[in-house]
Amino acid sequence: MTGAQFLFYALGLATVMGGLGVVLSRNVVHSALALLLSLIAVAGIYVLLYAEFLALVQVLIYGGAIVILLLFVLMLTRSGESPLVLDNPQKPVALVVSLLFMAIAIVSFFLTRWKLAQAPRGVDFSVLGGSLFQDWVLPFEVASLVLLVALMGAIIIARESPQ
Amino acid sequence: MSVQLEHYLVLGAILFAIGFYGALSRRNAVAILMSIEIMFNAVNVTFVALSRYVTPTLLTGQVFAIFVITVAAGEAALGLAIIIGIYRSRATVHVDEMDLLKG
Amino acid sequence: MTFEDAYRLSPELILGFFAILIVLLDLGVRRKGWLAALTLVGLGASAAWTAVLTAGGWQGTALGDTLAVDNFSLFFKFLFLGAAALVVLASTGYSIRFARFQGEYYALVLTSAAGMMLMASGRELITLYISLELTSLSLYALAGFLKDPRSNEASLKYLLLGAISSAVLLYGMALLLGLTGETHLDAIANALGRMPGANYPVLFLGIIFIVTGFGFKIAAVPFQMWVPDVYEGSPTPVTAYLSVASKAAGFAITLRVFTLALGGPREAADWSLIFAILAVASMTLGNILAIPQANIKRMLGYSSIAQAGYLMVGLATLSDLGRSGIIFFLASYAFTNLGAFIAVIAISHRIDSDLISDYAGMAHRSPLLAGALTFCLISLVGIPPTAGFIAKVYLFNAAVQQGLAWLVIIAVVNSVISAYYYLGVVKAMFMGTPLSLERVTAVRPALAALAVATVGVLVVGILPEPLISIAQAVGRSLIP
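Protein chains in written order, with the numbering used here: chain X, 1 to 163; chain E, 164 to 266; chain A, 267 to 746.
What the hints contain is simulated information worked out from the structure, not anything from laboratory work. Where a beta carbon is used, it is the ideal one built from N, C-alpha and C, also for glycine. Any given hint could turn out to be false.
[Claimed, not checked] Between beta-carbon pairs, the in silico distance windows are:
id: 1; chain 1: X; residue 1: L7; chain 2: A; residue 2: G323; range: 53 to 63 Å
id: 2; chain 1: A; residue 1: L729; chain 2: E; residue 2: E260; range: 47 to 57 Å
id: 3; chain 1: X; residue 1: T2; chain 2: A; residue 2: G463; range: 25 to 35 Å
Make the full structure from the sequences, and use the hints.
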């Protein structure tokens, strides 16, 4: 097994374990930490795929902002103190659908003849920057508006109204 | 390539299935949000892998992934703010206890 | 971005500018009525610019081929702007409840309108996705604006279910990207035409996922769980906005993606059948569950699920006539549903209740509002001389011409069933004993909006030809 293969399996395992931790753990704080593991492992996978910038963004935003925010909210809502989380009756249906999807998807992926392109060693990061500001300038500007809306919405809903 | 495209896609599919299961079966609203983040990550792994193997010079998948991360961050922030709002008035974060609307 | 590009994007840019302006002015302005007026100015300016673009007659793509400027997108821009304007007018009395966040309310209405306009104009997946999210996030926030427990709950349910469906949609888009290497809709269609048959399972999976993602937006069964709760808990003007504009935007994006990218015979046969099945499920479930509802907002929520079912019949037709039928139906539905909701906003605001039983005898207390509401409800059933009647006849005719008579029969039966709950409200208003004899009035802007909507329903019902030709031109422009 080559180095790249070993890394892929290790990181893949970490990601899946983290994911299982998020959905199966009874203590929600443990779930948050499992999420962190999963997200960092995904960043590693991006590095394997020669997407270094994306790996950086993943660690910074997901690991650095989102997980921290999640932990804060868990603390503020005292979720760590009631670790017994009994889950709801929708579980069997969700389980069946998930497993079914996984089976169908995996089989289909191997049956498909993908149009593989000749991949260079790694594409220069400036290509990504250039395309974001040229080809994808409209989504880029709209994304800034999306963040503004999320910000406004969060402040409005989370603020205490003077009673 | 020692690791083929299909392997990454399978990883993405597994993660997506795990996240989907979590989103539908967990009780704690924050845990549901976390499962949704897993789903978004699964999508992103799929995008980035496809970017590398199918459109390596255009990086389309990576661009898409960047936007997904952006939106996911915004949604998480808004969702958590709403959860705080609910906690403040009803002291719960469990979705089955949120039954004021006859759902 | 060149000046040319900015010019093509100007309707949306104007809305973005006004949204920010209003939020800033909210800091200083005392009388919030000015903010509402400014919002209307913004909407008007955007509409004026859209009209300039329409008159220019230029059709094509802009901004690196991501944005389409065609009759389809221009029509929907007018639809969203008009719906937003009516909602803003109708919110005038109601917005007191938003305390110091009134500026942000108007700003979010503007940003969601901008997002919807982009949803109808996008030509490739990334733009479509990000504009969908702009709209959705604005609406999640708007749903929670009352800041009472029910509004918060509505907002959370909307966001969680919306995020899940968004992730599912994305996965479908990723599969499309993987199979074709493209995100531009026409390029996808090209590549799919040359795709080997062994790849079809993944394509089918992608189609299912995209149907799921969009199905949530248009409130189709089985993705409709969020509707009753969100409609009930949100501020009523937001509910009105959701039921009309968001649904229309959902159909616009569905039409564009499925017709342009997935139009090949193999795929089209599959998804048209899927939509036909979803149509039956939505019509039936929506109508049956509307019957026992006591809360008028929930009832209208289930009603909109059923209406989405009728609209999906048009999706199943795969024909030009069917598509123009959808467009006509959406325009007629916009007038009708907005009219109904504006009346509901006015009445419920006065009597402080959303229960149908509290609407008893409303005809005596407010003949104007009750009359308008009755007329709009009749249009929802599909009885002449209303727009709703013409819309159903047109759409169902298109379906029959494509051999979908079985679907039409189910739709007609459903329309008859729906009369029971729509007319139930009418009956309560005219024959019930009023709880008090206090007159129910509404502020003038709301009455103006109600007048526009109701007159629209009547005019389209009597003189449908202009709208029909517009709908046909718009439908044709979808396939270049």
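Results for each hint:
Here the CB-CB span from L7/X to G323/A is close to 57 Å, well matched to the stated 53 to 63 Å. For L729/A and E260/E, the hinted distance range of 47 to 57 Å is satisfied, since their beta carbons lie about 53 Å from each other. Between T2/X and G463/A, the C-beta spacing of about 34 Å keeps the proposed range 25 to 35 Å intact.
Violated hints: none; the structure is consistent with every hint.
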